[in-house]
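In order, the protein sequence lines correspond to chains A and B. Here the numbering used here is used: the first residue of the first sequence is 1, the next is one more, and so on. Here the numbering used here is used: the first residue of the second sequence is 1, the next is one more, and so on.
Because the hints were derived from the structure by calculation, they are not lab data. You may find that some hints are simply not true.
To be verified - Partial selection, computed: residues in chain B whose CB lies under 10 Å from chain A:
no.	residue
1	5
2	13
3	19
4	24
5	27
6	112
7	115
8	117
9	120
10	129
11	131
Claimed, not checked - From chain A, some residues computed to sit far from chain B (all C-beta separations above 10 Å):
no.	residue
12	5
13	6
14	22
15	44
16	55
17	90
18	91
19	93
20	94
21	97
22	102
23	105
What the hints assert, rightly or not - Just a few of them, taken from the derived set where beta-carbon distance is under 10 Å, the chain A residues facing chain B:
no.	residue
24	13
25	16
26	37
27	38
28	66
Because the structure is a prediction, the values reported are computed rather than measured. Heads up, the beta-carbon is just placed ideally off N, CA and C, and yes, glycines get one too.
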Amino acid sequence: MNLDGAPVLDHAVIAELRAATGDDDAFMAELVETYVTEGAANMDRLLAAAAAQDCEAIVRPAHSLKSTSASLGAMRLSAICRGIEEAGRQARSETLREDAELARDAWEATLAAFAQAGLRE
Amino acid sequence: MSPGQAVALVVDDSAVNRKVLTRQLASLDIEAREAANGREALELVGTDGAGVDIVLLDIEMPELDGYETLAAIKGDEALRHLPVIMISAVEELDSVVRCIEMGATDYLPKPFNPAILEARVRASLAGKRLHDLEVESAARQAELLRTIERQKDELSRFLSPQVAALVSTTEGEALLAGHRRIATAVFCDLRDFTPFSEAADPEEVFGVLREYHGMMGELIVAHGGTLEHFAGDGMMVFFNDPVLQDDHVERAVRMALAMRDRFGALAAGWAKRGYRLGFGVGIATGYATLGRIGFEGRHDYGMIGTAVITASRLSSAAAPGQILLAPRSHTEVDGLFEVEELGELQLKGFSRPISPVNVVGVRARDTVAAG
Chain A
1 MNLDGAPVLD
11 HAVIAELRAA
21 TGDDDAFMAE
31 LVETYVTEGA
41 ANMDRLLAAA
51 AAQDCEAIVR
61 PAHSLKSTSA
71 SLGAMRLSAI
81 CRGIEEAGRQ
91 ARSETLREDA
101 ELARDAWEAT
111 LAAFAQAGLR
121 E
Chain B
1 MSPGQAVALV
11 VDDSAVNRKV
21 LTRQLASLDI
31 EAREAANGRE
41 ALELVGTDGA
51 GVDIVLLDIE
61 MPELDGYETL
71 AAIKGDEALR
81 HLPVIMISAV
91 EELDSVVRCI
101 EMGATDYLPK
111 PFNPAILEAR
121 VRASLAGKRL
131 HDLEVESAAR
141 QAELLRTIER
151 QKDELSRFLS
161 PQVAALVSTT
171 EGEALLAGHR
181 RIATAVFCDL
191 RDFTPFSEAA
201 DPEEVFGVLR
211 EYHGMMGELI
221 VAHGGTLEHF
231 AGDGMMVFFN
241 DPVLQDDHVE
251 RAVRMALAMR
261 DRFGALAAGW
271 AKRGYRLGFG
281 VGIATGYATL
291 GRIGFEGRHD
301 YGMIGTAVIT
311 ASRLSSAAAP
321 GQILLAPRSH
331 TEVDGLFEVE
341 ELGELQLKGF
351 SRPISPVNVV
361 GVRARDTVAA
371 G
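Build out the structure end to end from the sequences listed, making use of the hints.
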């Protein structure tokens, strides 16, 4: 999977989102919290589907993570999940486990980056 | 659309996306309601839209996805006017094309850009507003038409059908304002009605008048006459206005003949009850002024002219059973009817005598050919 140029956290996206939603720290923190809650559930589903090599079941959590991660600047995770979603849609199960591991690493890195950026406690 | 704040329904399974959109819509002064999937969205709009002005719809969703939701909205007569903007990632443009073909108004790329969101939402809301105005205006128009029909119906009980029909047309206003044209006036009344009404019970008098008016009214309508007024036993009808009739004199005479025949049957019934009443008619043709006559609150559609006075005087001069036709009217229908010359008659208020004829009946076809 080619992840060149996909930063764990794209600060420009965060800045844009902040500006587009009224430069409100509390709102940004709330949004990130929502993302983490929603994302954690999707990560669980994604990992379970990968463990079961279930191409059909992996599409939806991968799609959601791809989409919301992109919204919050988690570009690396978004890119990985886009690959997983595609693989799932094309019923290519051979790389699912490997890619899910990549996704989990990116997820952890994203959470750390949010904390580092002061968007999470 | 409600005159106040516009309402958007945000349908997305991602709470993050819903939060961002809701926040951005709020800054555009648009109230957002949220649904996590298509099923929730359809429940929320219900059968009448529930005040929602625009739907922002994600494609990939659990339970009921964007396609199914869009199909449900566009397949519902009461909801299909709702603008639907698809929420889509750039790489999903193929899906967007499919949604536009299914009736979606536009699409919104993810991640959301406030300028694009504002432009697309405002454009769709403007379209919705226009649609709502059209619907509203059509409803008002339909109501207005119903009112006009109701009024026409109401009026037709008081006015002749021709005049009632005039009221709601554009040329009607001009005709009502007054105009001059050739017209034929018919006056008729009952002979010996005054002594009868003095002698008989009021109920009896009204009973006789009801029968008489009912029969006359039917014949007036059947011959296309315009009833100007009933006055006790008398009535005035005119022809060639407001509807033009090439054969207005002939119609007038045929109506008078039909009235006389029908009156015969009525009078026979009355005679059995002891009332001896006769029927006389006067007909005259000439230029007259026609239009709205009267005062605020009480107008008649009337005819004014020498022909009206002539017809009235001829009616007074007619013996029971006579239909007196003024010379000018007679010229117009010469040969169509059997007439009886009466010589000169001096009518009240006229300086010179006139020579009316009494119409006996319709001339038989072969006689017309021979004559």
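For this session: Enumerate the violated hints, using their earlier numbering and listing them in ascending order.
Result: 1, 9, 10, 11 and 14
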